[in-house]
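Chains A and B, in that order, give the protein sequences.
Residue numbers for the first sequence follow the UniProt record's numbering, beginning at 1 and rising by one.
Residue numbers for the second sequence follow the UniProt record's numbering, beginning at 1 and rising by one.
Where hints are given, some of them may not hold.
Note that identical chains are pooled: a pair holds if it fits in a single copy or bridges any two copies.
[Unchecked claim] Keeping only pairs whose Cα atoms sit at most 30 Å apart, straight-line, the calculated BS3-like set for lysine-lysine is:
| hint | residue 1 | residue 2 |
| --- | --- | --- |
| 1 | Lys157 | Lys279 |
| 2 | Lys51 | Lys125 |
| 3 | Lys125 | Lys279 |
| 4 | Lys140 | Lys339 |
| 5 | Lys190 | Lys308 |
| 6 | Lys157 | Lys140 |
| 7 | Lys165 | Lys255 |
| 8 | Lys190 | Lys255 |
| 9 | Lys49 | Lys215 |
| 10 | Lys194 | Lys215 |
| 11 | Lys220 | Lys157 |
These aren't lab readings, by the way, just hints derived from the structure by calculation.
Number of protein chains: 2
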Amino acid sequence: MLEDKNKERTSLEKLGEFGLIDHLTQNFTLNHSSTLKGVGDDAAVLDFKNKKTVLSTDLLVEGVHFDLSYMPLKHLGYKSVMVNLSDIYAMNAKATQITVSLAVSNRFPLEALEELYAGIHLACKTYNVDMIGGDTTSSKTGMLISVTAIGEAEEDKITYRSGAKENDLLVVSGDLGGAYMGLQVLEREKEVFKVNPNNQPDLEPYSYIVERQLKPEARKDIVELLEKLEVIPTSMIDISDGLSSEILHLCKSSKVGCALYENKIPLDPTVISTCEEFKMDGTMIALSGGEDYELLFTIDQADFPKIKGNPNLTVIGHMTDTSGGANLVTRAETLIPLKAQGWNSFQEE
Amino acid sequence: MLEDKNKERTSLEKLGEFGLIDHLTQNFTLNHSSTLKGVGDDAAVLDFKNKKTVLSTDLLVEGVHFDLSYMPLKHLGYKSVMVNLSDIYAMNAKATQITVSLAVSNRFPLEALEELYAGIHLACKTYNVDMIGGDTTSSKTGMLISVTAIGEAEEDKITYRSGAKENDLLVVSGDLGGAYMGLQVLEREKEVFKVNPNNQPDLEPYSYIVERQLKPEARKDIVELLEKLEVIPTSMIDISDGLSSEILHLCKSSKVGCALYENKIPLDPTVISTCEEFKMDGTMIALSGGEDYELLFTIDQADFPKIKGNPNLTVIGHMTDTSGGANLVTRAETLIPLKAQGWNSFQEE
Chain A
1 MLEDKNKERT SLEKLGEFGL IDHLTQNFTL NHSSTLKGVG DDAAVLDFKN
51 KKTVLSTDLL VEGVHFDLSY MPLKHLGYKS VMVNLSDIYA MNAKATQITV
101 SLAVSNRFPL EALEELYAGI HLACKTYNVD MIGGDTTSSK TGMLISVTAI
151 GEAEEDKITY RSGAKENDLL VVSGDLGGAY MGLQVLEREK EVFKVNPNNQ
201 PDLEPYSYIV ERQLKPEARK DIVELLEKLE VIPTSMIDIS DGLSSEILHL
251 CKSSKVGCAL YENKIPLDPT VISTCEEFKM DGTMIALSGG EDYELLFTID
301 QADFPKIKGN PNLTVIGHMT DTSGGANLVT RAETLIPLKA QGWNSFQEE
Chain B
1 MLEDKNKERT SLEKLGEFGL IDHLTQNFTL NHSSTLKGVG DDAAVLDFKN
51 KKTVLSTDLL VEGVHFDLSY MPLKHLGYKS VMVNLSDIYA MNAKATQITV
101 SLAVSNRFPL EALEELYAGI HLACKTYNVD MIGGDTTSSK TGMLISVTAI
151 GEAEEDKITY RSGAKENDLL VVSGDLGGAY MGLQVLEREK EVFKVNPNNQ
201 PDLEPYSYIV ERQLKPEARK DIVELLEKLE VIPTSMIDIS DGLSSEILHL
251 CKSSKVGCAL YENKIPLDPT VISTCEEFKM DGTMIALSGG EDYELLFTID
301 QADFPKIKGN PNLTVIGHMT DTSGGANLVT RAETLIPLKA QGWNSFQEE
């Protein structure tokens with residue numbers, strides 16, 4: 001899914017604001033019966049009938065959340081949608097609609113925005129969500145994308161962060177740390193490129209982790225899997241800021257403690273080998289890395305047989321009473337209190 | 001409603017992302033039974049039962065949509081909400097919830113964001129909407145606010161842009177051009193201030209139009225009035241970009257033409273006198289000025305007795321068949337085709 005290096009440049013000024021929205025959204029179709037009216041009026045109109053509506057929103061800022069020097073625009077469009085759908089799935093809900101608002105400076109030609117929207121379109125198609133609105137405007141510098149995702153769920157299936165109970169099992173989907181290590185590789189190649197622009201990087205050995213960073217997938221499949229397995233998690237959150245930070249969110253909201261077992265944390269072999277290469281600790285990366293967009297949830301112990309042996313799910317610990325706090329149980333069986341070392345966008349660089 | 005010139009400065013870095021959201025949203029209460037869960041989980045949860053959901057989103061960018069040199073932050077927060085609620089009212093719906101996402105650079109201290117949220121809070125309280133979520137992040141430069149407004153309506157009351165019919169009357173609420181002329185006054189004072197920073201501007205004669213620019217009100221009262229009068233407009237839009245551009249939207253969506261009577265366009269005396277002072281034409285300002293956030297709608301002629309004589313509503317024209325196009329009928333009774341001279345944020349400065 002590489003960016004189309006189209007050399008044509010159409011200035012945004014020529015199209016104007018209304019022309020731009022019409023142009024960029026012309027290929028989007030509406031597929032949900034809950035979408036009564038999408039783009040083209042003052043507001044979208046939705047009908048969720050007897051289901052509950054869930055809604056989440058995220059801002060992605062150039063230079064803070066993404067770097068266009070290695071992030072192809074099509075991937076960026078795709079990832080912007082994933083970040084939001086991930087929040088909907090973390091409620092154990094089904095994503096149905098999104099809105100996309102975009103602020104861009106005049107330095108971007110129309111063709112660049114078409115690439116961005118191609119990624120958004122692919123995400124909508126793959127995940128079966130309707131694009132129902134948004135806003136397009138200029139910015140003085142850089143690009144900013146604001147996505148709002150809307151979903152639906154039966155009330156008794158909605159999973160909050162607050163339902164975990166003592167002795168519940170802590171489960172994670174997929175593996176962790178890949179997105180962060182992919183970013184390390186991309187940052188390194190960017191530095192090499194600055195020194196020697198003719199250098200052709202060989203990213204092949206890192207393809208899994210680079211894809212985890214550039215084209216993450218939200219875990220719609222896990223929500224579907226849980227439904228099939230007839231498991232309703234007692235609490236759930238998506239991993240956007242790192243495992244440690246997300247566990248602390250669940251513990252705080254649910255008023256429980258946690259024992260996380262270091263030797264259970266799922267790491268892909270590429271993450272392990274790249275950590276060795278960068279002299280980084282895999283556990284630390286999983287705890288603090290962020291952007292993996294896996295689902296972290298707790299289940300009643302009685303549900304363990306239903307998920308046991310499933311290759312998509314790993315039990316990594318269990319919830320405890322609140323007095324002991326949230327701890328990592330290391331391979332040496334020592335306890336280390338978990339800290340929210342997740343990403344803080346307000347830190348000075 | 002002047003900005004509190006608090007001299008304390010707390011850096012955003014100290015609070016971090018989660019602390020910031022908790023801090024800024026602590027005073028917001030939830031008042032709608034349709035809000036099952038607001039801020040504090042991966043997504044908000046809403047329940048609209050048998051009503052339809054309407055949803056709209058807008059981006060406001062520093063240097064494009066607002067200038068902090070004369071826009072107090074509290075007013076900016078208030079206005080950001082108004083811009084969105086206006087879209088919901090333009091559907092003849094009731095606004096119930098908002099989400100607010102914010103990108104700010106480190107140059108803003110916490111106290112500045114508190115001012116901004118004080119304005120958002122006042123708007124939520126005054127218009128009875130629940131704040132249910134959002135995102136807060138840093139930006140490399142300047143401030144950007146993304147607001148999504150959610151509302152509800154009975155299906156048969158929802159008013160689209162597309163329902164206007166030949167011979168329907170064209171009606172506008174309030175008066176036009178004030179926000180644009182207020183901006184002219186503020187821009188002039190800014191230039192004076194640059195030359196002589198000790199100059200104390202006397203804005204008193206312009207207070208109505210300056211307030212139209214800095215603290216616009218969305219016309220919730222008009223939606224309530226229409227309900228009381230038992231009038232369901234055949235089409236409706238809010239005036240954000242200027243009367244001309246909005247009439248063209250209604251005509252295009254409804255596939256009709258329009259005759260707009262210059263001598264019917266409602267202008268406040270302050271707008272007329274300030275236009276004279278700036279040697280500008282009041283009609284042109286109403287047609288192209290923008291940001292008035294009044295409602296523009298069409299009604300069946302049979303409903304005319306219901307609105308006749310209401311001081312909040314002015315009949316300014318009628319819809320025609322599509323062949324004649326959309327025209328301004330001047331005081332001299334000549335026809336001038338309307339053009340979308342509304343604001344284009346992509347124009348080079």
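Using 30 Å as the alpha carbon limit, work out where Lys157 and Lys140 are close: within a copy, between copies, both or neither. Result: close neither inside a copy nor across copies, 44 Å intra and 40 Å inter.
Using 30 Å as the alpha-carbon threshold, which applies to Lys51 and Lys125: within, between, both, or neither? Intra 23 Å, inter 28 Å, cutoff 30 Å: intra and inter.
Should Lys220 paired with Lys157 be assigned to within, between, both, or neither, using CA atoms and 30 Å as the limit? Only inside one copy: Lys220 and Lys157 sit 15 Å apart there, 35 Å across copies, limit 30 Å.
Taking 30 Å as the upper bound on the Cα-Cα distance, should Lys190 and Lys255 be classified as within, between, both, or neither? Classified as neither: same-chain Cα gap 43 Å, cross-chain 53 Å, threshold 30 Å.
Alpha-carbon proximity between Lys190 and Lys308, which holds within one copy, between copies, both or neither at 30 Å: Classified as neither; 42 Å inside a copy, 68 Å across copies.
At most 30 Å between C-alpha atoms: does Lys125 with Lys279 qualify within a copy, between copies, both, or neither? This pair counts as neither: shortest intra-copy Cα distance 40 Å, inter-copy 53 Å.
I want to check one pair: Lys157 and Lys279. Are their C-alpha atoms no more than 30 Å apart within a copy, between two copies, both, or neither? neither (43 Å within a copy, 64 Å between copies)
Homomeric proximity label, Lys194 with Lys215: Cα distance no greater than 30 Å: Within one copy only: 24 Å inside a chain, 48 Å across chains, cut-off 30 Å.
From the Cα coordinates, with 30 Å as the cut-off, is the pair Lys165 and Lys255 best called within, between, both, or neither? within (8 Å within a copy, 59 Å between copies)
Can you tell me if Lys140 and Lys339 fall within 30 Å by alpha carbon in one copy, between copies, both or neither? between (37 Å within a copy, 27 Å between copies)
How would you classify Lys49 and Lys215 at a CA-CA limit of 30 Å: within, between, both, or neither? Answer is neither: 34 Å inside a copy and 37 Å across each miss the 30 Å cutoff.
Violated hints, in rising order: 1, 3, 5, 6, 8, 9; the structure is consistent with all others.
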